[in-house]
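From these two lone chains plus the hints, build me the complex, please.
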Amino acid sequence: MRKLLKTLNPYLYLIPALAVIIVFRFLPMLYAFRVSFFKWGMGGVERFVALGNYISILKDSNFWKAFGNTIYFSLGVVPTSLFLSLFLAVLLKQKIRGVRFFRTIYFLPVITSVIAVSMVWKWIYHPQAGLANSLLGFFNIKGINWLSEWKGIFELIFNSFKVHPLIKGPSIALLSLIIVSVWKGLGYNIVLFLAGLENIPIQYYEAAKVDGANRWQMFRSITWPLLSPTTFYVLLMTTIVSFQMFAYVWMMTGPPAGGPLGTTNVLVYYLYDYAFNFSRYGYGTAVAFILFVIILSLTLLQRKIVERNVFYG
Amino acid sequence: MFSMAKSLSGKIIVVVFLCLMGIVMVLPFYWMIITSLKTSLEAVHLPPSWFPHHLRFQNYAEAWKQVPFPRYFLNTLIIAVATLVGVLVTSCLAAYSFASMKYRGRNFLFLSFLAMMMIPVPVYIVPGYLILMKLHWVDTYFALTVPWLANVFSIFLLRQHFKTIPKDLYDAAIMDGCSKFGFLVKVVIPLSKAVLVTVSLFSIIGSWNAFIWPLVVTSKDILRPIQVGLAYFVQEQSTNYSLLTAATTFTIAPIVLLFFFLERRIIASFARSGLKG
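Same order as they appear, the protein sequences are chains A and B. Sequential numbering from 564 applies to the first sequence in the working numbering. Sequential numbering from 31 applies to the second sequence in the working numbering.
I should point out that these hints are in silico values taken from the structure, not numbers from a laboratory. Just so you know, even glycine gets a beta-carbon here, dropped at the ideal spot from N, CA and C. Do not rely on the hints blindly, as some may be mistaken.
Quick list of simulated restraints, FRET-style, between CB atoms [stated by the list, open to error]: (1) B:PHE290 to A:LYS658: 36 to 42 Å; (2) A:LEU799 to B:GLY207: 45 to 51 Å; (3) B:SER249 to A:ARG866: 17 to 23 Å; (4) B:PRO100 to A:GLY631: 42 to 48 Å; (5) B:GLN265 to A:LEU799: 28 to 34 Å; (6) B:PRO220 to A:ARG866: 55 to 61 Å; (7) B:MET163 to A:ARG565: 57 to 63 Å; (8) B:PRO220 to A:ALA613: 25 to 31 Å; (9) A:THR570 to B:LYS223: 57 to 63 Å; (10) A:ALA613 to B:MET163: 19 to 25 Å; (11) B:LEU71 to A:LYS658: 48 to 54 Å; (12) A:TRP779 to B:ARG302: 29 to 35 Å.
Output of the computed footprint for chain A on chain B, the stretches with three or more beta carbons under 8 Å from beta carbons of chain A [to be verified]: (13) 116 to 122; (14) 144 to 152.
Okay, chain B solo, but in the shape it has when bound (with noise of 0.2 Å):
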């Protein structure tokens, strides 16, 4: 890449610019979590201040009894686990077969399956409410799972990455005497971690921070997944700003550490999903 900045002046202001906008970035996080600090009275106090004068943690505390945080994170759990496992399954199953078998209809099926997973989830959100209606799932755990079991997006990657794997290697494994489904739990699997973390970090944030399914689709307070729980309890459960920002620092506590954690394997990730072809 060229460079701009060659004279150090010029540094200098990229990197002013770069921390400008990084303060832009960050400063809602930064208020979020002394809001979550104050009491309720110093929250409101104008000229606000920067830095709590008693840091209150009782906030956090108080905000995770007033609704039942615990159940939504269950829910969350339970739901994110249920995904990530169908969501391996259904993927690596359909990649292989897509990847490295050739049969009648292979490419239209391929493509059915691109253009069906791709209807925007708003667009579906209806006709799938109807039919959760028709076999009587509102409300229930499956209507948060099952759905969403298969994910184009995974096998698409999957398949791509299972093209790359020699034939020659397929060839020696079928002459020692493994079978076809042997190959791929022996040898595709085994040398697609790469891809497959990708896979499941799309899966975990996805279930994480799903928003508009839960909402249509469940209506009982305890089968309320941790983004539901939380907008419900901004919208009518409280008004005090101190418990809702603390609120709102718990429930994104986890995915912003697995960022952190895994900073670097996260970003490749979303930038790989932006190449096309």
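Chain A on its own, in the form it takes in the complex (with noise of 0.2 Å):
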């Protein structure tokens, strides 16, 4: 009997956490997964229909559209967040006062919630009394329609011609939320990429001043392969969390929300509305099940292409 204590012991341990992880987590995922198969009625009447959510999915433009406007969302916040935050960070480091103070006010948004930053900036882009279109209007130009402007950016930049429908850009509403979007994750990759310089040995510095290297040349074969491990991370970690935008698109648009004309509507939204708003269970766990595998493809893919890129140093 003692023995089997001793045995069971560490299990012990893990039995709390354990117990969350397999009520909330698996068999939540579990069961889920043979509700995406299943098609729900009125009342909860359920039927089987085996492929039928995921086929009728993949034939929805809506959807299509959604996986679209979510591209857009990160394309426009990826490399923008990543380079801005590199450049913000190495300038950090340079010497200079007030490094922390800095340091500080861009990590402000950070903390803050979605909900508030979301609520500021709808503000912020009110068309006639928005801070927006008040500086935009102390340089005499027209206002924008910052948060109800369906047209993309690249149809309204080539105004002249005439712009093929895939290559409209997203809508200017679209546009805001990256801006925001961006706005808000800055200080997290700044402090990210800060650590990363810090583990940058200086004396690579000092020998390459040494052998005449100018400051772009130590950049190019010092700072940027050294800092490739956090660099991977911070675009991975910016990617996933674009895809998973829900807030802004809730808190901004519409309504309907994912408007003017669901150029804002994005993955997340799109689950969301035929879960919580139509309650088809159904598809909107067939909808999570392939956004899954898009997260998760997406991380596999990041890996794949940066691990030979990447120096461990």
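So this is what it looks like as structure tokens:
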């Protein structure tokens, strides 16, 4: 009996965490996988439809639109945030006063809730009294209908040409959300890059200086390759977070949210809409699994591509 | 780090650029606060004033009363405390087991933990909601807390730290008649204060800012935590931007104060979250 207790001992410590994980992660995912093959009617009547939900999703043009919007959003956020935060982190590494002050300020949006941020930016984007249009007005530029302009940016830039629908680009409304997202996440990426820069031995720079390397050469052949694990992490995390964007759409766009003309409808909002506005749980869980596969493959794909180019010093 | 700005003029350019970015980062907060102190009429007046003519602090009192904000704060507080206590208990126990004991299936279990908890929240909302329906837990405090009582990131951080505690210490304690559990409580936990602070800060900030999950699992107003309450206030209750910005200000105030108070700690914790392995 004593011996049995002794063997079981390590598992006993795991029980509390294990219970939560089994009941609230493992079982729900298992159950939801089953549900995704059923159609939920009124009053919770279930009907087996095999791959029916998955097929309807892949046939739904709104799904592909949401998919495209999500891609646009990520393409807007990820490179901008990555390079801007890297640049700012390098600047913060210069020997200047007040580094801590700047770092604190840049970090402020990170700890602020996405709802508070959405509220403030919704007000900034207000078409008449908002700060954004007031600032534009100061330079005599005509105000923009930030959150209700459905025209694509390329459509607006190349106004005189007829632009093919596929290359209209993200709508101004989606672009507005991209700006907010970059603004909110910048400080976190800066802090990650600062930590990464901290790990590069100063001797490398001293040796390069002796060899007469200029700043750009030093960045190219020391900072950039030695920072690549951090860059990879930032790239991965920012992409995954961008694919999960939801609250900005819920808070700032519409009514109905996802507008104007569905140009800000992203995958997670699409999922939420079907599951919780229309109570189509079968369809909703099928979307969730598709989203899961997308995020998982993104992780694996990025890992594969970047692994060849990442230098783990 | 190499110095890009050797000359004084180079340094000035760097500082000017950092200041400009600083303004971009702070301006929305400034705009929020001054709007919250204007009358609703002045708030929409053109061109906007950069300093309110008359500081109207009543906006805060009015926003506070217009929807049950005290209740939302209380709910968030309940959720934050329950989650924090739960996460600390489950994580310390699990991390201790993973870090210092040898048994069958340890690595398999550890990897399964990691995999299960890495399911993104948006993927999880529908499956999680369906289970809560089965349990009849929708619209209860259980729904808001219990699924979040285990946290893989905390387990991971604590495990990494527990592994650094020397085995000799353990052997000595056992010689003195200390039990395994006693060693955890009396030696390991007191030696891990810094990591426990990190874990706690993440838990508190996470609970305070949680949105999509509480949005989905609550429909009753009295159960709404602060973010969901604020979101519905903005969406449905008011178009008065002075009141909305006042409400936004007081919902972020506690976390911002915590941040200013523990700025170094919090930033270091976030930086740590990016370390691999």
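Hint by hint, here is what the structure shows:
no.: 1; hint: B:PHE290 to A:LYS658: 36 to 42 Å; verdict: 25 Å, violated
no.: 2; hint: A:LEU799 to B:GLY207: 45 to 51 Å; verdict: 48 Å, holds
no.: 3; hint: B:SER249 to A:ARG866: 17 to 23 Å; verdict: 40 Å, violated
no.: 4; hint: B:PRO100 to A:GLY631: 42 to 48 Å; verdict: 44 Å, holds
no.: 5; hint: B:GLN265 to A:LEU799: 28 to 34 Å; verdict: 33 Å, holds
no.: 6; hint: B:PRO220 to A:ARG866: 55 to 61 Å; verdict: 39 Å, violated
no.: 7; hint: B:MET163 to A:ARG565: 57 to 63 Å; verdict: 44 Å, violated
no.: 8; hint: B:PRO220 to A:ALA613: 25 to 31 Å; verdict: 57 Å, violated
no.: 9; hint: A:THR570 to B:LYS223: 57 to 63 Å; verdict: 32 Å, violated
no.: 10; hint: A:ALA613 to B:MET163: 19 to 25 Å; verdict: 23 Å, holds
no.: 11; hint: B:LEU71 to A:LYS658: 48 to 54 Å; verdict: 49 Å, holds
no.: 12; hint: A:TRP779 to B:ARG302: 29 to 35 Å; verdict: 31 Å, holds
no.: 13; hint: 116 to 122; verdict: holds (count 3)
no.: 14; hint: 144 to 152; verdict: holds (count 6)
Violated hints for the displayed structure, listed by number in ascending order: 1, 3, 6, 7, 8 and 9.
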